[in-house]
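One line per chain: the protein sequences are A, B and C, in this order.
Numbering-wise, the working numbering comes out as the position in the first sequence, counting from 1, plus 139.
Numbering-wise, the working numbering comes out as the position in the second sequence, counting from 1, plus 8.
Numbering-wise, the working numbering comes out as the position in the third sequence, counting from 1, plus 609.
It is worth saying that the hints were derived from the structure and are not from the lab.
Even for Gly, the Cβ is constructed at its ideal location relative to N, Cα and C.
Misleading hints may appear alongside valid ones.
[What the hints assert, rightly or not] Covered by chain B, according to a simulated footprint, are these stretches of chain A (three or more residues, beta-carbon under 8 Å):
| hint | region |
| --- | --- |
| 1 | 157-169 |
| 2 | 418-427 |
| 3 | 473-485 |
| 4 | 530-542 |
| 5 | 584-590 |
[Claimed, not checked] Within a straight-line C-alpha distance of at most 20 Å, the following computed EDC-like cross-link-like pairs (lysine to aspartate or glutamate) qualify:
| hint | chain 1 | residue 1 | chain 2 | residue 2 |
| --- | --- | --- | --- | --- |
| 6 | B | LYS297 | C | ASP692 |
| 7 | B | LYS298 | C | GLU793 |
| 8 | B | LYS298 | A | GLU718 |
[Unchecked claim] Below, a sample of chain C positions facing chain B; criterion: calculated Cβ distance under 10 Å:
| hint | residue |
| --- | --- |
| 9 | HIS611 |
| 10 | ASP613 |
| 11 | ILE678 |
| 12 | LEU705 |
| 13 | THR708 |
| 14 | GLY710 |
| 15 | GLY715 |
| 16 | LEU720 |
| 17 | PHE724 |
| 18 | MET735 |
| 19 | LEU795 |
| 20 | ALA796 |
| 21 | MET799 |
| 22 | LEU800 |
| 23 | GLY802 |
| 24 | ILE804 |
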Amino acid sequence: MSFNLELTSPPLMAILSSLIIWTIGALLSFVIKGRLIHQFFAAILFAGAFLLGIAVVLFFQHNSFSLDFLSGFYFALAPLSLHLDALNCFFLGILSVTICLLSISLPKYLHYYKERFNAGIYWHCLFAFILSLVFTLLSVNAICFLIFWEIMSLTVMMLIASDHIRQRAKHAALSYLAMTIISSVLITGAFLIYYFHYKSWNFSDWTSAGSLLMPALLLFFGLGVKCGIWPFQIWMAHAQSEAPAPVTALMSAVMKKVSIYAIIRLLIINNDSGVVLAYVILAFGTVSLVWGSLFALLERDLKRLLSFSTVENIGLILIALGLCLMARHLHCWDLANLALTAALFHSFSHALSKTGLFIGANGIEAVTYTRDLSFLGGLAGKMPWTTACFLINSMAIIALPPASGFASKWMIYQGLFQLATSHAQVVDRSIALIIVGIMSFAGALALACYTKAIGICFLGRSRSDVAGRAGELLKTSMAAQFVAASASLILGVCAPYIVRLFQPVCLIVLPKGADLHSVVALPLFTTVLLSLIFVGSVLVLLNKLSLRPRARLKKYITWDCGYGDLPARAEETGASFSESIARIFAPILQYRMITEIQGKDRRHFPEVIKFETVTSPLLEEGLYRPTLKIIQILSRGIAALQTGSIHLYLVYVFITLVVLVSIGIRL
Amino acid sequence: MSEFFLTTGKWLSFGLFIFFLPPLMVGVLTKCKARLQNRIGAPIFQPFYDLGKLWRKGETVSQTTSWIFRGTAAINFSVMLVISMLLPWLSFKPYFAHADLILVIYLFALTRFFSVLAALDAGSAFGGFGASREVTLAMLVEPAIMLCLASLGCLYSTTDLNTIFTYDRVCTATQSALWLLAGTGLFLSSLVELSRMPIDDPTTHLELTMIHEAMILENSGPNLALTEFTHYLKMAVMWGLSAQCFLHALCYFVTINEFGRSLASLIMLLVVLIIVALIEGTAVKLQWKKVPEFIAFAIAMSLLCVFVVIAKS
Amino acid sequence: MHLDTFTVLAISSAISAILMLGTNHLRINLFFYCVHTLAIALETAWIAQRFHDTNLYWIAFFIILLKVIAIPKYLQWVMTKIDVESDVEPFIAAPLAMTIGVGMLGLSYLLSLQFSSLWTEVDSRMGAMAAISVFFTGVLLMLSRKIAVSQIIGFLVLENGIYLFALTQTHGMPLIIEMGLLLELLAIVMLSGLIVFRIKKSFEHIDVSRLTELRE
Chain A
140 MSFNLELTSP
150 PLMAILSSLI
160 IWTIGALLSF
170 VIKGRLIHQF
180 FAAILFAGAF
190 LLGIAVVLFF
200 QHNSFSLDFL
210 SGFYFALAPL
220 SLHLDALNCF
230 FLGILSVTIC
240 LLSISLPKYL
250 HYYKERFNAG
260 IYWHCLFAFI
270 LSLVFTLLSV
280 NAICFLIFWE
290 IMSLTVMMLI
300 ASDHIRQRAK
310 HAALSYLAMT
320 IISSVLITGA
330 FLIYYFHYKS
340 WNFSDWTSAG
350 SLLMPALLLF
360 FGLGVKCGIW
370 PFQIWMAHAQ
380 SEAPAPVTAL
390 MSAVMKKVSI
400 YAIIRLLIIN
410 NDSGVVLAYV
420 ILAFGTVSLV
430 WGSLFALLER
440 DLKRLLSFST
450 VENIGLILIA
460 LGLCLMARHL
470 HCWDLANLAL
480 TAALFHSFSH
490 ALSKTGLFIG
500 ANGIEAVTYT
510 RDLSFLGGLA
520 GKMPWTTACF
530 LINSMAIIAL
540 PPASGFASKW
550 MIYQGLFQLA
560 TSHAQVVDRS
570 IALIIVGIMS
580 FAGALALACY
590 TKAIGICFLG
600 RSRSDVAGRA
610 GELLKTSMAA
620 QFVAASASLI
630 LGVCAPYIVR
640 LFQPVCLIVL
650 PKGADLHSVV
660 ALPLFTTVLL
670 SLIFVGSVLV
680 LLNKLSLRPR
690 ARLKKYITWD
700 CGYGDLPARA
710 EETGASFSES
720 IARIFAPILQ
730 YRMITEIQGK
740 DRRHFPEVIK
750 FETVTSPLLE
760 EGLYRPTLKI
770 IQILSRGIAA
780 LQTGSIHLYL
790 VYVFITLVVL
800 VSIGIRL
Chain B
9 MSEFFLTTGK
19 WLSFGLFIFF
29 LPPLMVGVLT
39 KCKARLQNRI
49 GAPIFQPFYD
59 LGKLWRKGET
69 VSQTTSWIFR
79 GTAAINFSVM
89 LVISMLLPWL
99 SFKPYFAHAD
109 LILVIYLFAL
119 TRFFSVLAAL
129 DAGSAFGGFG
139 ASREVTLAML
149 VEPAIMLCLA
159 SLGCLYSTTD
169 LNTIFTYDRV
179 CTATQSALWL
189 LAGTGLFLSS
199 LVELSRMPID
209 DPTTHLELTM
219 IHEAMILENS
229 GPNLALTEFT
239 HYLKMAVMWG
249 LSAQCFLHAL
259 CYFVTINEFG
269 RSLASLIMLL
279 VVLIIVALIE
289 GTAVKLQWKK
299 VPEFIAFAIA
309 MSLLCVFVVI
319 AKS
Chain C
610 MHLDTFTVLA
620 ISSAISAILM
630 LGTNHLRINL
640 FFYCVHTLAI
650 ALETAWIAQR
660 FHDTNLYWIA
670 FFIILLKVIA
680 IPKYLQWVMT
690 KIDVESDVEP
700 FIAAPLAMTI
710 GVGMLGLSYL
720 LSLQFSSLWT
730 EVDSRMGAMA
740 AISVFFTGVL
750 LMLSRKIAVS
760 QIIGFLVLEN
770 GIYLFALTQT
780 HGMPLIIEMG
790 LLLELLAIVM
800 LSGLIVFRIK
810 KSFEHIDVSR
820 LTELRE
């Protein structure tokens with residue numbers, strides 16, 4: 140065992156103690172039972188995450204650091220060795236912030252599940268998941284990475300299937316398992332090719348890993364399956380809506396970021412000639428961006444909407460990473476730094492806001508027992524805090540100023556502009572501007588999606604009797620959402636200063652750092668701050684100076700065109716809100732409207748009107764189902780070989796022997 | 009000392025322009041339309057009287073609304089004031105701050121976000137209907153505006169709108185062509201964003217034509233005054249921007265000094281208003297299914313801008 | 610890309626052709642076609658003035674006479690007679706077709722960079738780019754539209770593209786050949802008009818995609 144820092148240094152002690160606390164939690168989950176079980180384990184979770192966060196902050200104060208842990212324990216081919224540097228630390232920071240926020244909002248939500256799952260196994264799997272996440276981030280060689288990656292996937296599958304009585308949860312777990320296996324196969328294949336090329340399992344020996352095209356593509360797709368980029372985003376919708384409360388947020392916020400970390404660690408470090416890879420990453424990022432926002436818009440289920448929106452944001456991060464690779468190829472180090480910082484900033488901001496959004500969605504589900512947008516509505520009066528925080532967190536995801544999402548999206552735009560005005564080829568420059576157009580298009584789609592979510596969920600009148608049950612669930616969940624929302628506002632306004640903190644991370648990935656303070660123009664964010672102050676003062680002026688007298692305010696019903704008592708179901712629904720856009724994209728969404736009117740004289744005196752909108756997922760019908768069918772046909776064909784007859788098996792053995800002997804004679 | 013007076017004078021006159029030009033513009037537009045239809049029409053200062061009347065009236069608010077509804081009018085008003093101080097829609101704008109083009113586009117998106125939420129807040133079918141159409145049109149038109157401004161930015165290698173729209177440079181033929189294309193693209197996009205003909209008829213309140221009007225249906229009294237003024241300001245800013253683009257395109261042929269430039273901006277704004285009046289008077293409102301075809305022309309203009317700027321270097 | 614008259618005329622003809630893709634209304638298509646052909650005629654006249662070739666002046670005159678005035682008037686008459694205003698749902702929706710058209714313009718620019726500039730005073734590659742783009746636009750028109758009249762217009766645009774390419778890469782073909790081509794074009798359009806009448810009388814529609822009914 141060897142450490143670079145002393146064993147008693149504070150950051151190292153903090154990180155070790157958080158790991159130990161979590162391990163104790165994992166072991167204790169088998170023995171402890173009782174009413175307060177969820178609160179107890181949530182406290183352990185929070186303690187561990189808090190210590191991890193302190194460790195990360197302390198590590199960043201050591202300007203350059205790296206920590207190595209080499210044990211003698213061999214996983215058959217390579218030792219268990221861990222390495223901590225600025226890059227890992229950043230993602231550990233994301234992990235700790237997310238878990239802190241989640242753990243303080245957890246306990247009441249899990250009581251919602253009560254008898255439907257086994258609390259002990261749930262907590263055990265959760266701790267195992269988090270520990271495996273940490274170890275995956277810290278792994279130094281491929282074998283370690285693969286082992287902890289597999290543990291991570293398996294624990295997530297068990298967590299998804301916690302609510303195991305429901306059929307949908309089982310289906311979600313199985314589809315997740317299938318996707319995970321595909322991902323592991325691709326990653327293992329890539330790692331094997333790298334091993335044969337570099338004769339070593341260590342990541343640090345894999346110099347210019349991104350330049351070998353074939354394994355790089357395999358690795359990218361393997362990690363992409365876990366990220367949920369197009370065309371692998373199918374499992375996300377199922378899994379993330381069925382998984383219980385904190386798991387969804389963890390998967391969305393953290394597990395995807397581990398894939399992003401792996402892409403950065405393996406494909407971007409030391410890669411100066413990966414143009415083809417850059418094009419591939421840009422292409423898949425752009426398609427995920429548009430596909431994710433489009434499908435998010437059409438969702439009826441609040442959590443599936445949020446998970447498709449994650450696909451969109453991962454697409455943005457991939458665009459930034461592709462830009463970084465292209466900049467490396469052109470040797471524009473300023474641009475590469477800017478793109479990488481944008482990717483990291485967006486990862487952090489997305490993790491923060493998405494966690495806040497999921498906590499809000501969990502709160503809604505816990506009090507109203509439904510996630511379906513067509514049954515919600517009018518919750519703003521009963522849950523004001525959740526509404527306000529949901530609003531600000533979605534502002535961060537849509538990238539509206541002054542929230543943090545705007546800062547990162549602005550940086551990506553700036554990076555694309557710089558590429559378009561650089562000395563790159565005509566094709567690259569036109570691609571940059573086209574991606575600018577596509578990003579603004581997807582941004583407007585995201586705006587449509589989140590206004591639908593907020594408007595249908597919180598505003599208007601309630602579409603079923605759930606509003607009577609609604610109410611703020613837990614002070615701590617409100618606090619968690621509030622922290623997420625205000626953090627994103629602060630990040631958004633103070634972006635130039637925050638960007639400086641990413642320097643150590645960039646220095647690891649890129650050969651030359653750059654002072655981004657001038658690029659992430661301080662004037663811009665001063666403008667944002669000044670505008671904020673101006674807007675605030677105008678609002679105060681308008682209200683306080685009684686220019687809009689409240690005395691003459693009259694409350695009345697919404698204008699109903701004289702029809703009288705319209706029921707709440709006559710309001711705009713989610714489907715009608717997204718109908719205009721769905722109609723434009725009908726070929727992609729396979730969108731059809733079926734109308735059936737019954738009555739004596741159908742046109743003039745209708746009695747029953749049935750109206751149905753159908754969208755069928757193009758990828759599932761067009762790609763996955765045929766592939767599954769082909770695999771089933773092939774398997775049936777191969778299964779015919781297994782007849783169960785001993786004589787036939789002896790014949791197989793004999794034929795194999797003959798073939799092998801003849802090959803041996805030839806050589 | 010004289011510098012101080014000059015700057016203060018600039019700020020005061022600009023403030024006057026922000027508050028008095030938009031309703032005046034709308035009055036002129038209504039007068040032009042009326043004249044085209046052989047009517048006398050309302051006086052030019054009618055919008056001022058309307059705004060004053062609305063401000064003095066009492067307000068009726070729906071019971072189903074939350075703080076978002078009342079807050080939106082004020083938030084949009086203040087954000088639009090910020091935009092009008094940032095965008096160089098008149099050539100004599102005093103320097104406020106770094107007017108990043110991405111920031112401006114996303115500030116417009118911020119106003120749209122709150123308008124849509126306010127429309128959904130009342131829980132009426134009209135609001136939802138208008139909101140749904142508004143976000144659809146926004147989705148189609150955002151790339152057009154972004155690409156027009158982005159190609160102008162790439163031409164001058166900056167994203168600061170103040171630097172892009174400055175007059176202190178020599179204009180070549182290619183730049184003039186690019187300004188013309190960008191101006192046309194921005195003008196067509198502004199017709200869509202502002203819900204003017206042929207996308208939406210601003211004078212009727214029928215369900216078939218309402219996009220903007222449906223969203224602000226529940227407002228009354230001072231709220232409505234603020235919302236209407238915000239819309240007028242948005243019109244002034246967007247048409248002013250297109251007018252500036254056309255003026256820059258003209259700069260290839262003539263050079264004007266600073267005072268003449270200010271006059272020319274106002275005249276060009278008047279020309280744009282007359283064109284809008286002509287379109288409003290003669291065009292037929294497009295069927296909703298045909299609106300994407302109209303927007304495709306704006307997108308084609310912006311793509312041509314991209315093409316010109318890439319092929320130029 | 611230096612903008613002189615040659616390039617401006619070539620690119621405006623390409624852009625008018627692309628704008629034709631964006632609308633299904635046949636009269637507007639014809640209007641854009643007139644603008645497009647006028648730009649090509651002016652380009653011919655400009656080259657004639659530059660290289661002092663009187664033959665090209667004649668060619669420009671006949672282009673204006675035949676392609677800008679005669680053929681559009683004839684097609685308008687045909688449309689009035691068969692009472693067709695606008696195209697039925699095309700295979701590729703108009704907005705998408707126009708965006709693809711602008712994309713083709715970019716592609717033709719990349720293609721034209723592979724040529725070498727043949728003239729010294731002007732960049733003939735810009736002319737080649739415009740010509741290739743017009744050619745693609747014509748093909749796209751013919752592929753995406755369903756009405757016979759649109760197919761005729763698409764063919765005319767295609768032919769314009771080929772002519773423009775020949776014009777900008779050489780100094781125009783000899784007078785006899787050009788005249789022959791124009792007359793042949795006139796004959797083809799007249800014949801197509803007559804056939805459109807027959808199709809309308811036999812089938813009650815001029816939707817070319819439905820002619821596959823003939824198989825049964």
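Verification of the hints:
By the rule of at least three residues with a Cβ nearer than 8 Å to a Cβ of chain B, the coverage given for the region 157-169 of chain A is violated, with 0 such residues. Under the rule that three or more residues need a Cβ within less than 8 Å of chain B, the assignment of the region 418-427 of chain A is violated, with 0 such residues. Proximity of the region 473-485 of chain A to chain B, defined as three or more residues with a beta carbon under 8 Å from a beta carbon of that chain, is not established by the 0 residues found. Counting residues of the region 530-542 of chain A whose beta carbon lies closer than 8 Å to any beta carbon of chain B gives 6, which reaches the threshold of three, so the coverage claim holds.
Taking a C-beta to C-beta cut-off of 8 Å, the region 584-590 of chain A contributes 4 residues in contact with chain B, enough for the three needed, and the coverage statement holds. For a cut-off of 20 Å, the pair hint linking LYS297 (chain B) to ASP692 (chain C) is broken: about 23 Å separates their Cα positions. Straight-line distance between C-alpha atoms of LYS298 (chain B) and GLU793 (chain C) comes to about 38 Å, which puts the hinted pair past the 20 Å bound. At roughly 16 Å between alpha-carbon atoms, LYS298 (chain B) and GLU718 (chain A) fall within 20 Å of each other, so this suggested pair holds.
Interface hint status for HIS611 (chain C): upheld, as the beta-carbon distance to the closest one in chain B is roughly 7 Å, under 10 Å. Interface hint status for ASP613 (chain C): upheld, as the beta-carbon distance to the closest one in chain B is roughly 8 Å, under 10 Å. Nearest Cβ of chain B to the Cβ of ILE678 (chain C): about 26 Å, over the 10 Å cut. The hint is violated. Hint on LEU705 (chain C) holds. Least Cβ distance to chain B is approximately 8 Å, under the 10 Å limit.
Evaluation of the THR708 (chain C) hint against chain B yields a held restraint, the C-beta minimum of about 6 Å falling below 10 Å. Restraint check, GLY710 (chain C) versus chain B: the minimum CB separation of about 8 Å is within 10 Å; hint holds. Against a cut-off of 10 Å between C-beta atoms, the interface hint on GLY715 (chain C) holds, since the closest Cβ of chain B lies about 6 Å away. Hint on LEU720 (chain C) is violated. Least Cβ distance to chain B is approximately 13 Å, over the 10 Å limit.
Hint status for PHE724 (chain C): violated, given a least beta-carbon distance of 15 Å to chain B, over 10 Å. Because the closest C-beta pair between MET735 (chain C) and chain B is about 9 Å apart, less than 10 Å, the hint holds. Below 10 Å, beta-carbon pairs count as interface contacts, and LEU795 (chain C) has none with chain B, the closest being about 31 Å; its hint is therefore violated. The beta carbon of ALA796 (chain C) is not positioned within 10 Å of any beta carbon in chain B (closest approach about 34 Å), and the interface hint is therefore violated.
Given hint, MET799 (chain C) at the interface with chain B, is violated; its Cβ is 31 Å from that chain's nearest Cβ, farther than 10 Å. Taking 10 Å as the C-beta contact cut-off toward chain B, the hint placing LEU800 (chain C) at the interface is violated, the least distance being around 32 Å. Taking 10 Å as the C-beta cut-off, the interface hint given for GLY802 (chain C) is violated, the closest approach to chain B being about 27 Å. Restraint check, ILE804 (chain C) versus chain B: the minimum CB separation of about 29 Å is more than 10 Å; hint violated.
Checked against the numbered hints above, the structure breaks hints 1, 2, 3, 6, 7, 11, 16, 17, 19, 20, 21, 22, 23 and 24 and satisfies the rest.
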